[in-house]
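Number of protein chains: 2
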Amino acid sequence: MTRILITGGGGFLGQKLAARLQTKGTLGAARIAEIVLADLTPPPPPTGPVPCRSVALDIADNAAVGRLFEPAFDVIFHLAAVVSGAAEAEFDLGMRVNLMGSIAVFEAARAAANSPIVVYASSVAVHGGTAPDLVTDGVELNPQTSYGTQKAMAELLLTDMSRKGFLDGRGLRLPTVSIRPGKANAAASSFMSSIFRDTLEGRTANCPVGRDFAVWHSAPRTVTDNLIHAAEVERAALGPNRCFNLPGRTDTIGAMIDAMTRVAGPDAAARITWDADPVIAGIVAGWRGHFRPDHALALGFRADASFEDSVRWFLEDDIVRGA
Amino acid sequence: MTRILITGGGGFLGQKLAARLQTKGTLGAARIAEIVLADLTPPPPPTGPVPCRSVALDIADNAAVGRLFEPAFDVIFHLAAVVSGAAEAEFDLGMRVNLMGSIAVFEAARAAANSPIVVYASSVAVHGGTAPDLVTDGVELNPQTSYGTQKAMAELLLTDMSRKGFLDGRGLRLPTVSIRPGKANAAASSFMSSIFRDTLEGRTANCPVGRDFAVWHSAPRTVTDNLIHAAEVERAALGPNRCFNLPGRTDTIGAMIDAMTRVAGPDAAARITWDADPVIAGIVAGWRGHFRPDHALALGFRADASFEDSVRWFLEDDIVRGA
Chain A
419 MTRILITGGG
429 GFLGQKLAAR
439 LQTKGTLGAA
449 RIAEIVLADL
459 TPPPPPTGPV
469 PCRSVALDIA
479 DNAAVGRLFE
489 PAFDVIFHLA
499 AVVSGAAEAE
509 FDLGMRVNLM
519 GSIAVFEAAR
529 AAANSPIVVY
539 ASSVAVHGGT
549 APDLVTDGVE
559 LNPQTSYGTQ
569 KAMAELLLTD
579 MSRKGFLDGR
589 GLRLPTVSIR
599 PGKANAAASS
609 FMSSIFRDTL
619 EGRTANCPVG
629 RDFAVWHSAP
639 RTVTDNLIHA
649 AEVERAALGP
659 NRCFNLPGRT
669 DTIGAMIDAM
679 TRVAGPDAAA
689 RITWDADPVI
699 AGIVAGWRGH
709 FRPDHALALG
719 FRADASFEDS
729 VRWFLEDDIV
739 RGA
Chain B
419 MTRILITGGG
429 GFLGQKLAAR
439 LQTKGTLGAA
449 RIAEIVLADL
459 TPPPPPTGPV
469 PCRSVALDIA
479 DNAAVGRLFE
489 PAFDVIFHLA
499 AVVSGAAEAE
509 FDLGMRVNLM
519 GSIAVFEAAR
529 AAANSPIVVY
539 ASSVAVHGGT
549 APDLVTDGVE
559 LNPQTSYGTQ
569 KAMAELLLTD
579 MSRKGFLDGR
589 GLRLPTVSIR
599 PGKANAAASS
609 FMSSIFRDTL
619 EGRTANCPVG
629 RDFAVWHSAP
639 RTVTDNLIHA
649 AEVERAALGP
659 NRCFNLPGRT
669 DTIGAMIDAM
679 TRVAGPDAAA
689 RITWDADPVI
699 AGIVAGWRGH
709 FRPDHALALG
719 FRADASFEDS
729 VRWFLEDDIV
739 RGA
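Order-wise, the sequence lines are chains A and B.
Numbering-wise (the working numbering), the first sequence opens with residue 419 and increments by one.
Numbering-wise (the working numbering), the second sequence opens with residue 419 and increments by one.
Check the hints yourself; a few may be wrong.
One copy or any two copies: either way a pair holds, since identical chains are not told apart in the list.
The list that follows gives simulated cross-link-like pairs (lysine to any residue, SDA-like), each with its CA atoms no further than 20 Å apart [said to hold, decoys possible]: (1) K582 - A604; (2) K582 - F509; (3) K601 - V501; (4) K582 - R514; (5) K582 - G547; (6) K582 - I698.
None of these hints come from the bench; they were simulated from the model.
Given the structure is predicted, the values throughout are model-derived calculations rather than measurements.
So that you can see chain A by itself, here it is in the shape it has in the complex:
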């Protein structure tokens, strides 16, 4: 019987993950005994046979995080974060939540003394600067945002605390998740979903970069599968670096729009506006669009077969008609 904690449980990925775990009922060979969703405000728990509980939690409040771990969890999905645009605009907030909050969660996992599995959602934003155009495993992390820096710092701690046996960390550098449901947010990558989601839902959306801009991306369904796989993969296979790039796809914005048109017709693409935004463009230009995630592929993590799939899955899972 497995007890699971999801931080950032109110976010779109936390919600999708909780729903999938509720449907699945098991993690690895073990039945799920309870799922706890934590977020700044108590998130809606997914309905189903697995007991689910929601709690309000300030992730940077060490004492509150510590109390949450009584009794201990077997698996923690640590998704809580301040997104890239917000962490860039408010440095102290990003440090508090993304770095200190992660330290609080990892230390609570250590204090529980059961060396729990900690699946950590890191980001492609750890790459940039001196990284080559094609990012292979083993490239020095040189983030060009505070968000990416804070993620990279927490990655290092996760690996060290795994080496010490305090916990059993698995840090996944998520590609840009598209098509993300919900509202546009302060992530610099927000447009990479809104130009599909908002236009498919009947609204306009702006693309601040050109059609040739290459995006390293993955669908929410695939990212959710990969998060669950991360908790199930053999500890011994992970090696001395617990954090690595997930598989994804490289497509240009133009090719992604064409895929949307093939699946859903031309109306959505016609709702895209093309006003350049140098601030957003400057941030995302520092990211990398081409990856070769050999380590994750060897561990059994998966990529999407096409962006058409992402569009179809959005229409099946997430579209809000008439919004």
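Position chain B relative to chain A; hints supplied.
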């Protein structure tokens, strides 16, 4: 006129750096107005024409660090750290001093609002794990000690705070410093000095690894020169990653002992004992012995010409006769 702070000012490197700055009297084009040495107990200030002041400081005490920065410093040499063996044995102490202490110093430098130069002493211990046998610039940091992890985390923050303009960071990954004066300490690399220093001073010393063990090393004189060069190098030349490997030399322990014998005769080498120590050997085996620090060489940092020089400089600068 330049005001300088040296944290860890009581350490052997802080003392050598302070003495060199006192002799030099200038840093870059500017005269040195004051040198402040901070350490847990007030360190001895070097005598000479430049005003020097010593202060007792707990580097992890944010308020105390903040008060020290009134008025602001133009250049900070941040050398204070818990050494590798101690940080491995006492995880919380290492986190407090090496990570939180570095954050406190960087935040105080940021709060001073003059974007001061911060020269940060990082370490070869950030490399290991998935790193290749020959470490070039751009290899992912995968430390296999808590010390290396804490150093790597602070490196990332230094680069990000430089990008934001909060400070002007220059992080140097120091090779093993040999021949270090003073007493053996809890650094796993301590034997890499004691088998030379202690035997030259007439005592015995144990070598816990074999003669073939390859060490990436640099002499204290050269490391001190490189720390000063780091404060003087052009900001524009540094690029998007402010932290990099210093030049050094690769020699086997056996070749280093032979060099000592060539300079100082056979008596010292005869005082070395060879009892294997699997704990020490395990830690240092995770480090790398071969580097190609192209970036630092292009920036004008220097390596030693020979280990014979290191022995000669130890005899000139540091040996304690009849100790």
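Each hint tested on the structure:
1. For the identical chains of this complex, K582 and A604 are inter-copy neighbours only, at 19 Å across copies versus 36 Å inside a copy, given an alpha-carbon limit of 20 Å.
2. In the homo-oligomer, the alpha carbons of K582 and F509 lie at most 20 Å apart only across protomers (9 Å), although the nearest pairing inside one protomer, at 30 Å, exceeds that limit.
3. In the homo-oligomer, the alpha carbons of K601 and V501 lie at most 20 Å apart inside one protomer (13 Å), although the nearest pairing across protomers, at 48 Å, exceeds that limit.
4. Proximity of K582 and R514 under a CA criterion of 20 Å is satisfied inter-copy only: 17 Å between copies versus 25 Å inside one chain copy.
5. Only between protomers do K582 and G547 lie at most 20 Å apart by alpha-carbon distance; the minimum there is 14 Å, versus 31 Å within a single protomer.
6. For the homomeric pair K582 and I698, the shortest alpha-carbon distance between copies (16 Å) is at most 20 Å, but the shortest distance inside one copy (39 Å) is not.
In this structure, every one of the numbered hints holds.
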